[in-house]
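Undergrad: Quick note, the sequences are listed as chains A and B, same order.
Per the working numbering, residue 1 is the first one in the first sequence, and the count goes up by one each step.
Per the working numbering, residue 1 is the first one in the second sequence, and the count goes up by one each step.
Hints are computed from structural coordinates only; laboratory data are not their basis.
By construction, the Cβ of each residue, glycine as well, lies at the ideal position given by its N, Cα and C atoms.
Keep in mind that the hints are not guaranteed to be accurate.
[What the hints assert, rightly or not] Quick list of the computed label-pair ranges, beta carbon to beta carbon:
id, chain 1, residue 1, chain 2, residue 2, range
1, B, Glu36, A, Asn194, 28 to 38 Å
2, B, Met127, A, Asp319, 57 to 67 Å
3, A, Asn336, B, Glu36, 20 to 30 Å
4, B, Phe45, A, Gly149, 44 to 54 Å
5, A, Thr134, B, Glu36, 36 to 46 Å
6, B, Leu132, A, Gly123, 46 to 56 Å
7, A, Ser102, B, Phe250, 47 to 57 Å
8, A, Glu76, B, Leu15, 56 to 66 Å
9, A, Asn192, B, Met127, 23 to 33 Å
10, A, Asp193, B, Glu36, 33 to 43 Å
11, A, Glu425, B, Val201, 41 to 51 Å
12, B, Leu17, A, Asp341, 45 to 55 Å
[As the list claims (entries may be wrong)] A few chain A positions that, by computed beta-carbon distances, are all more than 10 Å from chain B:
id, residue
13, Asn79
14, Asp176
15, Asp182
16, Thr197
17, Thr227
18, Glu268
19, Asn389
20, Gln415
[Unchecked claim] Going by beta-carbon spacing under 7 Å, a handful of chain A positions derived as facing chain B:
id, residue
21, Ser97
22, Gly255
23, Asn262
24, Asn294
25, Val400
26, Ala404
27, Glu405
28, Asp408
29, Asn412
30, Ala416
31, Gly420
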Amino acid sequence: MLKKRLGLLFALMLLVVGLVACGDDEDTSSGDNGSSGDNGSSEEEVVIDFMHLWPEGSSKQHNMIVQTIVDEFEAENENVTVEMEILGNEQYKEKLSVLGSSDDLPDVGMTWGGGFINPYVSGNMFADLTELDTDIFIPGTTEAYAVDGATYGLPLELNITPMYYNQAMFDEYGVDVPETLDELKAAITTLNDNDMTPITLGNRDAWTGSMWYMYLADRIGGPSTITDAISGDISFESEALIQAAAELQELVEMGAFINGTNGLGNDEAKGYFINEQAAMYLMATWDLPEWTTNEDNPQEFRDSIGYFKFPTVEGGAGDINSYVGGPGVGLFVAENSDVKDEAKDFVGYFVERWGEMSVTDAGVIPATKVDTGSLDLPQMYIDILNDLNEASNLTLYADVQMSAEAADVHLNMIQALFMGEVTPEEFAAAHEEALRAE
Amino acid sequence: MSNKKIIALYVLPSLLLLAGLVYIPIFLTGYYGLMEWNGVGAMEFIGLDNYMNLLQDPKFWFSARNSFFLALFSTLSLILYLAVSLILAGKIKGKELLRKIYLIPMLLSSVAIAQLWIKIYDPNNGMLNSLLQTLGVDSPPAWLAQRETVLVAIFIAIIWQYAGFYIIIYSAALKGIPASLVEAAEIDGATPIQIAYKIKVPLISGVIKTTIVLAIVGSLKYFDLIYVMTGGGPNGASEVIASYMYNQAFGIKNFGYGSAIGFALLILALITTWGIQKLTASKNDSIQF
Chain A
1 MLKKRLGLLF ALMLLVVGLV ACGDDEDTSS GDNGSSGDNG SSEEEVVIDF
51 MHLWPEGSSK QHNMIVQTIV DEFEAENENV TVEMEILGNE QYKEKLSVLG
101 SSDDLPDVGM TWGGGFINPY VSGNMFADLT ELDTDIFIPG TTEAYAVDGA
151 TYGLPLELNI TPMYYNQAMF DEYGVDVPET LDELKAAITT LNDNDMTPIT
201 LGNRDAWTGS MWYMYLADRI GGPSTITDAI SGDISFESEA LIQAAAELQE
251 LVEMGAFING TNGLGNDEAK GYFINEQAAM YLMATWDLPE WTTNEDNPQE
301 FRDSIGYFKF PTVEGGAGDI NSYVGGPGVG LFVAENSDVK DEAKDFVGYF
351 VERWGEMSVT DAGVIPATKV DTGSLDLPQM YIDILNDLNE ASNLTLYADV
401 QMSAEAADVH LNMIQALFMG EVTPEEFAAA HEEALRAE
Chain B
1 MSNKKIIALY VLPSLLLLAG LVYIPIFLTG YYGLMEWNGV GAMEFIGLDN
51 YMNLLQDPKF WFSARNSFFL ALFSTLSLIL YLAVSLILAG KIKGKELLRK
101 IYLIPMLLSS VAIAQLWIKI YDPNNGMLNS LLQTLGVDSP PAWLAQRETV
151 LVAIFIAIIW QYAGFYIIIY SAALKGIPAS LVEAAEIDGA TPIQIAYKIK
201 VPLISGVIKT TIVLAIVGSL KYFDLIYVMT GGGPNGASEV IASYMYNQAF
251 GIKNFGYGSA IGFALLILAL ITTWGIQKLT ASKNDSIQF
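Build out the structure end to end from the sequences listed, making use of the hints.
TA: See the structure below:
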């Protein structure tokens, strides 16, 4: 019970913090009303409350970019003050849900896409931002923030998932970059014959293994297979989805993945790749700095890392330019904000400037289009950004697309598949049941 | 003011604290268990549905089974702790140093201990498997990744974690035994094993009963290492009641059901404590908390 008690105590403290913060809100807004009454002009003083999750300590570059953008916006709009409140990731999530439960969200804040926004949208707490959803965004990125055709958040980051590989190791054992699943299997066999671990994967948290399953489903059944099965347009027990599970199980059985993958966390698995104990690693582009700019990794290692697109499957309906990935955090505007128009202007401005600054200053790939010609970036970034411009499809991570309950089943089933505890048919049936139970 | 009023006045502050931080939250947990609630927005009253679902939830019973295994394992490990304490209480060289070494795990935070054991159990680079391979074991198990080994692997880490705590308790109790009793036995020709088994252990039986209750109740609500080392995985193989409660409430935002699990855990712990007290009660002593 101790944990429970601590949890409740913590929730109580957050509530108190929340209430204090709300008190501030009301003070400032009533002050604004007073001054607008006095002046009666359009140049009234407005305060935008902005909550974000990049503290100076842990996300220095992100924090500096935000500060720069806020300063610029305030300089351009003299009557506007942006008041920031900065919390770490977990505290941010907690506080947002507490503020959400009392309908006291900040004017502008950060949110995640997919299932995360549903309670806020159905509670009518997020403002409709469809008017700001323009062609500056890479196609497919704002869909993660859309409900029933309206956009409720503007994404700041975008991640796709390439397969990183150790070129030096490939050369040593005479392995070529695989373009099809059969070539990948041949590469795995060669590496195994030489006592090398082909692929490192930290499946303890299972979202990592989920990316493998999603790619296989994409390459076998075509780009919309997973999304359609989750939304209910097709059954999860359709042939392509069962076959994808069977292929994944075959990879497991042939020893493609590192020994004990279900017990390894993602960071531990990545450690094997960095220690050059494994040849391939499927992970999102948020790891790009590790292979390019991170001075903690030896230069020689970083130079030997390349990437390739997930191989196609012979006879499958998939396209090699289709990616598994998803936007990271995005910005929302509160529906009940007193300064909704200014907040929307701020969000629009923020997204545009963020897109210009984030990739060079923080190594983040923004969800907005980037002109690679004018930027001084490591080659791998330029290649990825060019690939993004040619991307035919982006499938949002399955566990993000699903409701929390279905995602829990999905992640457990992925582990079960790796352990050989379920057959591909049982795997699909469990998904179908969990997805339709809602 | 009368004596009683003064006593009440002095007790009041801590009573209020205790009520606000312990008893009221317990009551609220039971109350939330009657609700359908995702943590955001409005609650919906659904009566006893959560509790009925709980009784039919195989995952809950599986996690309860694991919790009871842990309780059994922890109780048996008390024998080991007691043996170590008895040895340390004897006349052996370097016992002060050993006592401090056994105490070290108590000074580490749970997360640090978990990280340490994750490194030890690492299937390819870990200390344990490297050792096994040098001893000639061809393919040692991937401890935390397999259903067959994951529970035992975590239990061993938990035994190590709590060794210092119980050894301190037993050592303190053994120190309270009058030296004259031991000397008299020695003069009568008793061996050290006889002294330990027939004199020391019976004399600290009250403390032993207390530690049994502590070990069992502590095991039923155990959470820390399991959450960090496996998160209850793989595929739920190492889930215990508290981690299942956490995953339901904070993982999939099913706060109503999570509260129901928490309340069921409380009741289980109460029943178990009561049961042990009944089982171990004798005429002369009673366990005081």
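Undergrad: Does each hint fit the structure? Answer for all of them.
TA: For each hint, the structure was consulted:
1. B/Glu36 x A/Asn194: 28 to 38 Å: violated, 56 Å
2. B/Met127 x A/Asp319: 57 to 67 Å: The hint (57 to 67 Å, Cβ to Cβ) is violated, given that methionine 127 of chain B and aspartate 319 of chain A are roughly 46 Å apart.
3. A/Asn336 x B/Glu36: 20 to 30 Å: holds, 25 Å
4. B/Phe45 x A/Gly149: 44 to 54 Å: violated, 34 Å
5. A/Thr134 x B/Glu36: 36 to 46 Å: Once the Cβ atoms are compared, 39 Å apart, the range 36 to 46 Å for glutamate 36 of chain B and threonine 134 of chain A holds.
6. B/Leu132 x A/Gly123: 46 to 56 Å: holds, 54 Å
7. A/Ser102 x B/Phe250: 47 to 57 Å: violated, 19 Å
8. A/Glu76 x B/Leu15: 56 to 66 Å: Holds, at about 58 Å.
9. A/Asn192 x B/Met127: 23 to 33 Å: Hint holds: Cβ distance 25 Å, inside 23 to 33 Å.
10. A/Asp193 x B/Glu36: 33 to 43 Å: Given range 33 to 43 Å: violated, Cβ gap about 55 Å.
11. A/Glu425 x B/Val201: 41 to 51 Å: With Cβ atoms ~57 Å apart, the hint is violated.
12. B/Leu17 x A/Asp341: 45 to 55 Å: Given range 45 to 55 Å: holds, Cβ gap about 48 Å.
13. Asn79: holds, 34 Å
14. Asp176: holds, 26 Å
15. Asp182: holds, 27 Å
16. Thr197: At about 7 Å from chain B, threonine 197 of chain A fails to clear the 10 Å cut-off, so the statement is violated.
17. Thr227: holds, 21 Å
18. Glu268: violated, 7 Å
19. Asn389: Holds, because the least Cβ-Cβ distance between asparagine 389 of chain A and chain B comes to about 37 Å, which exceeds 10 Å.
20. Gln415: violated, 4 Å
21. Ser97: The hint holds - serine 97 of chain A has a Cβ within 7 Å of chain B, the shortest such distance being about 5 Å.
22. Gly255: violated, 11 Å
23. Asn262: Since the shortest Cβ distance to chain B is 4 Å, the answer is holds.
24. Asn294: Since the shortest Cβ distance to chain B is 21 Å, the answer is violated.
25. Val400: Nearest chain B Cβ about 14 Å off; hint violated.
26. Ala404: Hint holds; alanine 404 of chain A Cβ to chain B Cβ min 4 Å, cut 7 Å.
27. Glu405: Result: holds, 5 Å to nearest chain B Cβ.
28. Asp408: holds, 5 Å
29. Asn412: holds, 5 Å
30. Ala416: holds, 4 Å
31. Gly420: violated, 10 Å
Figure legend: structure checked against the earlier numbered hints; hints not met, in rising order: 1, 2, 4, 7, 10, 11, 16, 18, 20, 22, 24, 25, 31.
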